[in-house]
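Undergrad: In case you want the letters, here they are:
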Amino acid sequence: MKKYLLKRFIMSIITLWTIITVTFFLMHSIPGDPFKKEGKMPPAVYENLLKKYGLDKPLHEQYVIYLKNLLRGDFGDSMKSRVETVNDMIRRGFPVSAYLGLEALLIALVFGPTLGALAALYQNKVPDYISMIIAIIGISVPSFIMGTILIQFVAKNVSWLPIGGWGEFKHTLLPALAMSLMPLAYMARLMRSSMLEVLNQDYIKTAKSKGISKAAVILKHAVRNAILPIVSVLGTLISNLLVGSFVIEKIFGIPGLGSFFVKSINNRDYTLIMGTTIFYAIILITMLFLVDIAYMFIDPRIKLTKEGR
Amino acid sequence: MNSEANVIKELTPDLFEPALREDKNAEKIRRPSIKYWPDVWRRLKQNKLAMTGLTIIILMIAMSIIGPLISGYSYFEQNYDLINVHPNKTNWFGTDELGRDLFTRVWYGARYSLIIGVLAAAIDFIIGVIYGGISGMSSRQVDSIMMRIAEVVYSIPYLLVVILLSVVFSKEGAGTSMFVLILAMTLTDWVPMAILVRGQVLQLKEAEYSLAAESLGASNGWILRKHIIPNTMGPILVNITLTIPRAIFAEATLGFLGLGFQAPKSSLGSLANDGLAGLAVGNAYQIIIPAIFISLIMFAFNVLGDGLRDALDPRLRK
Amino acid sequence: MEKLLEVKNLSVSFKTFFGEVEAVRNISFHVGKSETVAIVGESGCGKSVTANSIIQLLPMPPAFFKNGEIIFNGENLLDKTEKEMQRIRGNEISMIFQDPMTSLNPTMKIGKQIVEGLVTHQKLSYSDAKDKAIEMLNLVAVPQPEKRINQYPHEFSGGMRQRVMIALAMVSTPKLLIADEPTTALDVTVQAQILELMKEIQKKLNMSIILITHDLGVVADMSDRVIVMYAGQILEEGTTDEIFKNPRHPYTQKLLASVPRLNMSRNEPLHSIEGTPPDLYIPPKGCSFYDRCDCAMKVCKDHMPDFDAHSSSHKSRCWLNHPLAKIASGRDK
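Just so you know, the sequences run in chain order A, B and C. Going by this note's numbering, the residue at position 302 of the first sequence is 381; the numbering climbs one at a time, nothing skipped. Going by this note's numbering, the residue at position 171 of the second sequence is 183; the numbering climbs one at a time, nothing skipped. Going by this note's numbering, the residue at position 29 of the third sequence is 141; the numbering climbs one at a time, nothing skipped.
This is chain A alone, in the form it adopts within the complex (with noise of 0.2 angstroms):
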């Protein structure tokens, strides 16, 4: 087992470090400089503003000091703002977005399996047919259209809930019901295929032949096993909805990570754009990697293989 986390770790070291090289490399390989068309400024400046940066440097050179200070944690300077760093504004953003991320996570996950499991439960029952509905309606909006509506039809008719800001709890009611429809959706319908599969099982079988109740049937040894596969995808669900945190901040005016991000691009400010998709890479990666141990533990046959080979 240790060597097979060993082996992960590994694998998403180099993970990251091919986002962070590719990232590097294409962010200057944009033909055009920077500063050109912020107008015409004296020499003595332009020069100044290079150097500020370590423009001037040769390519590979840059890199090896970019890759120092990331191992310190430093993302650089921005090219915009003269008063926040990167890491400032990672500082400042990140914790909004994590908890409207968190939020959304936490809607999806109740919610999601358990429709997802109804819906198998009552095969071609009305239950199944809500969970269905709701499902095609979660895969079928985009969270932009989504929050869209919620902002035209429920914020602008429902006085106490804001149309958009930070603030209060009140504001991440919508945009993380918004965020969430997506990998709610995804994991109902996961739920569903896999739990019909589990209840076609012998186990199952065997289950209800010892006589236990029909729902100690279904908590204790269908839903156990039809989990698993939700919590396979859990790290890529993650990732999905942290890049879906983009649009539905810059939808309802949100001071996250993803509308610095969304400004950054708008802007081109690449020290920025660079650092934040690193730091968001960062994230992803780490999320994927502790999903895996997490099931691990949860999936006992893994364990066996694993440390078998």
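None of these hints come from the bench; they were simulated from the model. It is possible that part of the hints are untrue.
[Unchecked claim] The list that follows gives simulated cross-link-like pairs (lysine-lysine, BS3-like), each with its CA atoms no further than 30 angstroms apart:
hint, chain 1, residue 1, chain 2, residue 2
1, C, Lys145, C, Lys311
2, C, Lys127, A, Lys293
3, A, Lys293, C, Lys195
4, A, Lys204, B, Lys57
5, A, Lys204, C, Lys244
6, A, Lys284, C, Lys115
7, C, Lys316, C, Lys244
8, C, Lys357, A, Lys284
Start from chain A and add chains B and C according to the hints.
TA: Below, chains B and C without anything else, positioned relative to chain A:
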């Protein structure tokens, strides 16, 4: 004790003559046999949701071709007398803030969204089948290395790559070209297809019928073409059907973030982005109409893909 | 002998896309106290459906009971509600399934799986339940039971898993055990061990067994009486001795002839029964074995014969038993 045995009035000795061979039908299979693909199609046809999806897709394709032609407007034509006109008899979906006809622009946008979705899926398919096929047919070490690479590529968050690439390769003020959009979308998205194909290849490589073919001296290429690919078509088809909406969704998101096509060109996503501004000033139709069509496309492909998966699964045969 | 279970005129059908499939057609039999009855037949002959009907684990729908009664301990099980059946399952009637690799829950510890039913039925405390699980594993000769109860199914071999399944089924000392092909999925060497184990435990706990199998070797080893099923019907029934030494129905004869024997000479061909059983989607009007029977007569095509008794325990359903047939069959052979 047996009541159901047929009561016969008279048992005559001639009834106890040996039966004629022609009377017997030991080998006859009474249940009608059903061929695979016609049966898949039959089951798909029974799935109302999937058929709705298919109908929507066909209609959308048709309209995205003829829609811009029948409206009487072009997608770029600006008319300052008709700014922000709500849907009416002449401008069926209304006009935008520059007086451009939304009906034309929506279908024009749908055309690009569909093209991007289909092209992205096609490229994913080609790369995925080649990569997955090679990986599955290769020796253990090569396979292992190829799969590790695929894993690394796939753990790179999809939308992040798409966004990054469109930032890098789009010239400022010129929007993102379709080539870059598709490149960005396929850069990481071929991996699920490759993993799927490899899994199928490995599974089928060991299957009895390919063993049988191998023992008869068939080459790897032959086995791949004649046995493996026809048998993996089902899951691949499902995957393609589900890749298309994913690409369309990614493109719409990009468009919404202002990274899509440059105006006056449009995609459904960029139309929704333009419409967001209209929402604040009471022109909700400008975002709702493109939103409905994005959702419809996503809906149609997703339910068709689901329906296909169900129809292809022989275990679900009723 | 006192009857523990009596099945009367049971018919079970499945609703399918093509129409109704009559899987079990009007069968009647009984199982005495501490008796082992084997139900034999080819796959698809309705033996598993019969077994699952008794414990009521058929998926409903598509399955449904058309008519009949299943009298267990004087009560008709088909009249019971699901709640009442739960009290009987795993308590008075237990079941062992064919494939030990898939019939244990992969994410639950063995010990817990064994006593789960008992805990529900008898409200045991945790430590009592644990002791009981260890005791049961001891009984089925699983080594190191104290350690094994905390392991998961994938840490057991196939034979060991079937032992666990037996422990699981026996833990509540049921009156009736239904064993659906308990040794089919196991190695031949393990098969004998499992059968031996089942016999031993049956003696200790004094229970009845319904043994579902297509393996006549298992039948000879284990059972007191044999029921031969074909196409959802019973064709012959008798003590094991009667069936093996004096099979009356052509199907039973062919079934016995198809078992390879060690003392067969190399040149002697292996016998098989040509053709396939009829599809029960359109059940044949006459004798269901007609199409494959060498002794078939004209009468067999459209008329199903009644049972004829050959002894107090032996009976079969064949027109060859009819007085008029003696002449005809003599000429045939």
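Undergrad: When the hints from earlier in the document are held up against this structure, which numbers fail?
TA: When the structure is compared with the hints, numbers 5 and 8 turn out to be violated.
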